[in-house]
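Number of protein chains: 2
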Amino acid sequence: MQARELLQQHIAKTASLTEEQFEYLFSFFTPMSLKKGQTIISEGDKVDCEYFVVSGCLKAFFINDEIKMYILQFAMPTWWTSDYAALYNGTKATIHIDCITDAEILCLSNSDREKLCSALHPVEHFFRWRTNRGYIASQKRLLSLMNNDAKKRYEELLAQYPQLYNLVPKHLIAAYLGVSRETLSRLHTGQH
Amino acid sequence: MQARELLQQHIAKTASLTEEQFEYLFSFFTPMSLKKGQTIISEGDKVDCEYFVVSGCLKAFFINDEIKMYILQFAMPTWWTSDYAALYNGTKATIHIDCITDAEILCLSNSDREKLCSALHPVEHFFRWRTNRGYIASQKRLLSLMNNDAKKRYEELLAQYPQLYNLVPKHLIAAYLGVSRETLSRLHTGQH
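So the sequence lines, in the order shown, correspond to chains A and B.
Here the first sequence stands for residues 0 to 191, where the numbers follow numbering that gives the first Met the number 0.
Here the second sequence stands for residues 0 to 191, where the numbers follow numbering that gives the first Met the number 0.
Since the hints were made in silico from the structure, they are not lab data.
Fair warning: there could be bad hints in the mix.
As the list claims (entries may be wrong) - With a cut-off of at most 25 Å between alpha-carbon atoms, the simulated SDA-like pairs for lysine to any residue come out as follows:
| # | chain 1 | residue 1 | chain 2 | residue 2 |
| --- | --- | --- | --- | --- |
| 1 | A | LYS45 | B | ASP111 |
| 2 | A | LYS91 | B | HIS120 |
| 3 | A | LYS169 | A | MET68 |
| 4 | A | LYS12 | B | ALA158 |
| 5 | A | LYS114 | B | ALA14 |
| 6 | A | LYS91 | A | GLU65 |
Unchecked claim - Not everything, but these chain B residues come out facing chain A in the computed CB check (under 8 Å):
| # | residue |
| --- | --- |
| 7 | HIS120 |
| 8 | THR130 |
| 9 | SER179 |
Bear in mind the structure is a predicted one, so any value in this text is a computation, not a measurement.
Using N, Cα and C, we set each Cβ at its ideal position, and we do this for glycine too.
In isolation and in its complexed conformation, chain A is listed as follows:
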């Protein structure tokens, strides 16, 4: 599906925009083609944009003081990603975002989003619900991390991203769950 059509369908699920309003909104987005392994945000960067995924898969991750990688989010088509703390507060990035596969994304700057929200009430409505859903996903991830049952966390992950096990290298799935690759294999075998 074309980027424009995918974004239009995605927004229409939450807010009603006229064709003219969507045209205006879409004019603020910049398409980008990314290669597997390409980085869009590194720790310490100034962050000006958020990204809507059209195709491919990205990961948002964090390297802790013991050089261990944790994955915060896998960003699939119709997901949004950025370092939102840095984007909203104007602070430096504390996470990294890069591409697991080749990807097509649409980029929207912070100032353009605010301009659009101020100009069009339905766009403000859309972005409020977009963040509400992000907030829920983040709370769910918190609860999942606090719960020690790795098997349950693995099942939740597969429910959220059914196609993940075939798409994404196993060590990245282990890094999302915070378990070793051996534990992941055991969970997967027990599962099927």
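Fit chain B to the given chain A structure using the hints.
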């Protein structure tokens, strides 16, 4: 400070409402006085409201499969709290919220918030930024949990809630950090 004035000042930091618009908004809020230990949300409840804290302190928490308590959030004056996953999705509560101290809160129902956001663009703007900030706090909490350095997590907690160490029983601070009370004492002694 009176509940009305506190909410008005809180909203004015993000959105410009006329006196008449604020009057209309405020008419949808219901004040509640709560006693120390009182519960407002229990796991399994239907959740219809979110809560703005006027005075006192509440905690949002979760009991995992090993009957261990984790604290997701301490809610202080001008903070909002609810089980937002349950509130937004219409699902049953997966967390508990109760009062650490006596508290005064203002209650707003889900349907009234949507009515207000639809009627007044500045109110939709306010709630978008309220959730943006909640999302950032949630992401920060995630990163903090993923980082193994308990000392750093403790320092971040004190920076976020400077008055917390005197206000809140020590076992609750330990439950927020996910450490034992002994570790907390060691962190506190090393700190001062």
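Hints, one by one, checked against the model:
1. Simply put, LYS45/A and ASP111/B have alpha-carbon atoms about 38 Å apart, too far for the 25 Å limit, and the pair is violated.
2. Between LYS91/A and HIS120/B the alpha-carbon distance is near 31 Å, which puts this suggested pair outside the 25 Å criterion.
3. Restraint check: the Cα-Cα separation between LYS169/A and MET68/A comes to about 14 Å, which is no more than 25 Å; the hinted pair holds.
4. For the given pair, LYS12/A sits about 40 Å from ALA158/B by alpha-carbon distance, which is inconsistent with the 25 Å threshold.
5. Annotation: proposed proximity of LYS114/A to ALA14/B holds, straight-line Cα distance about 15 Å (limit 25 Å).
6. Distance check on the hinted pair: LYS91/A and GLU65/A sit about 21 Å apart at the alpha-carbon level, within 25 Å; holds.
7. Of the supplied interface hints, the one on HIS120/B holds, with its beta-carbon coming within about 5 Å of a beta-carbon of chain A, less than 8 Å.
8. Because the smallest distance between the Cβ of THR130/B and any Cβ of chain A comes to about 5 Å, under 8 Å, the interface hint for this residue holds.
9. Of the supplied interface hints, the one on SER179/B is violated, with its beta-carbon coming no nearer than about 15 Å to a beta-carbon of chain A, more than 8 Å.
Hint check: violations occur at hints 1, 2, 4 and 9; the rest are consistent with the structure.
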